[in-house]
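K.L.:
As a plain string of letters, each chain reads:
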Amino acid sequence: MAKPGMDREARQGLTLIAPPFLYALAILAAPVLTILSYSFLTDGYLEVIGEFTFGNYIQVWSDPIVRAVLLRSLAVSAAVTVVTVLLAFPVAYYLSFVVKPERKSMWLFLITIPFWTSYLIRVFLWKVILGYNGVINSSLTGLGIIDQPLTFILYNVNSMVLTLAHAYAPFAILPIFVALEKIDRSLLEAGRDLGENRLMTFWRVTLPLAMPGVVAAVLIVFIPTIGDYVTPELIGGGKIPMIANLIQVQMLALDNRPLGSALAVTAMLVVAVVSLIFLWLNRRFLRVKQ
Amino acid sequence: MSGRSNGLRSYALLYLLFLYAPILLLPLFAFNSGTIIAFPLQGFTTDWFTQMWGNPTLRRALSNSLIIAVSASVMATCLGVFAARASTRFTFPGKGGIMGFIMLPMVLPEIIVAMSLLVVLLGLGVELSILTVILGHTLICMPYGIAILSTAFSSLDRSLEEAAYDLGETKWGAFRLITLPLVMPGIISSLLISFTISLDEFIIAFFLAGTEPTLPTYIFSQLRFPKQIPSIMALGTVLVALSILLLGIGEYFRRRGIARMGGKNGGGFL
Chain A
7 MAKPGMDREA RQGLTLIAPP FLYALAILAA PVLTILSYSF LTDGYLEVIG
57 EFTFGNYIQV WSDPIVRAVL LRSLAVSAAV TVVTVLLAFP VAYYLSFVVK
107 PERKSMWLFL ITIPFWTSYL IRVFLWKVIL GYNGVINSSL TGLGIIDQPL
157 TFILYNVNSM VLTLAHAYAP FAILPIFVAL EKIDRSLLEA GRDLGENRLM
207 TFWRVTLPLA MPGVVAAVLI VFIPTIGDYV TPELIGGGKI PMIANLIQVQ
257 MLALDNRPLG SALAVTAMLV VAVVSLIFLW LNRRFLRVKQ
Chain B
239 MSGRSNGLRS YALLYLLFLY APILLLPLFA FNSGTIIAFP LQGFTTDWFT
289 QMWGNPTLRR ALSNSLIIAV SASVMATCLG VFAARASTRF TFPGKGGIMG
339 FIMLPMVLPE IIVAMSLLVV LLGLGVELSI LTVILGHTLI CMPYGIAILS
389 TAFSSLDRSL EEAAYDLGET KWGAFRLITL PLVMPGIISS LLISFTISLD
439 EFIIAFFLAG TEPTLPTYIF SQLRFPKQIP SIMALGTVLV ALSILLLGIG
489 EYFRRRGIAR MGGKNGGGFL
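Going line by line, the protein sequences match chains A and B.
If you use my numbering, the first sequence corresponds to residues 7 to 296, in order.
If you use my numbering, the second sequence corresponds to residues 239 to 508, in order.
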């Protein structure tokens, strides 16, 4: 790496970054590239045959089930993202503009704690809350409000959205909070001095300046949720698969690695394209505003 | 002003309640003597904890999880120290790209990491064990470690190291005697966070552990048996309590580190 023309500092920096970089190359990049190459190979019995083909992609993209699952995954993560960000924004605003500076880190700590506790257990607890004999149903029947347990609250897309929105809440609050903290408070006073009311100041000053945080929040919620495996399995009852469950079935249960790889690559492509479109739209939106 | 901020405040408190609702239910059912997870609660019991402790598979899962979490957090933190030092102290070509790539596992769906690693390991004929889980966990813990360590390293006053060089210390000597003690709270905080992440991680452990159980995969395997649910609740209570304890310690060290360097405490873990 060290070219003679490169200065000492760059050489030292590269030497230091080498161990973590090489680790990520070996454990992340190499496997992902393997998946990519597998997706163009042919599936044989118990092994992968080294014959180049586009067949896996043709099969994946023309399969109505795959298309339905992919659309469902997109719809669920889009819903989760919208719900999470909308619910999180007022909390981030409260933290940044109302809470006293010395109490901010306590609030942040309180908000992040649930995020660090077992994801699996949190998801399962939603099942306990929403289930047929769950907390909501047993309380409501116990109080005599309903005769029959409500069945529409578990094993459907809504309950999956609720569970995921709960799981990713801190992910949305933190970037928005950071963006709000960076806003120069005198700008808001200037807006008010120039005769804008509070709502218009928020709309024309605070919100545009908070947009980078909102964008980060959207991406940081959207990308992991689309690949979620546990929630469809537990909350969806295994009957409403998302793309991660489909990949797992192809790769392991059906042992068709090339097809599974093509699915995984397709999922990554979809996520990348959606993220890029979102970033592009946002950049346009912000430029128009200015 | 006050009316608006009161409204916001009630909303924020409701939001906290929503965040904590599932976790608050956990101990309720763990100490409830009824075998069905439903209200009204029956009576107080600690049987589920006893039952949990007497379970040999669970003990095996516990020791596996501890081995994995300790190894992964140490490896992730060591690698994180290199990355944090490099990114806060030096400029080098391709820095943005390299750092972005290293931080990628933070947002990449875990199923992608797990599946691609699994395919490669099976292709290479590597036998799945807790070792393969450690490899995966180190990868996903590293970005969190780097995020914490970068804060610690960036608030470091460079002139302190330069003073050490001027006083005749070698590079390594200055690092060991000056830098390391100053960033130590960050290192401890990174170790604790990585440990917590690894202990709770399910997807990678589920696919890469082979037949070895870890705590989350054990829990997952038991969830389909209604009889097992109360003792899973007990186990969950222990795990959540442990996570909160570790986070509390981590937060304490993080704040102490900031205070030691005379900085202002402005943020949380991320």
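To be clear, the hints were calculated from the coordinates, so they are not data collected in a lab.
Quick caveat, the model's predicted, so the values are computed rather than measured.
Don't take every hint at face value.
Said to hold, decoys possible - Here's a subset of chain A near chain B, in silico, CB distances under 10 Å, partners left out:
id: 1; residue: Ala32
id: 2; residue: Leu101
id: 3; residue: Leu240
C-beta atoms are modelled at their ideal positions from N, C-alpha and C, and glycine is treated no differently.
K.L.:
Are there hints from earlier that the structure breaks, and if so, what are their numbers?
P.N.:
none
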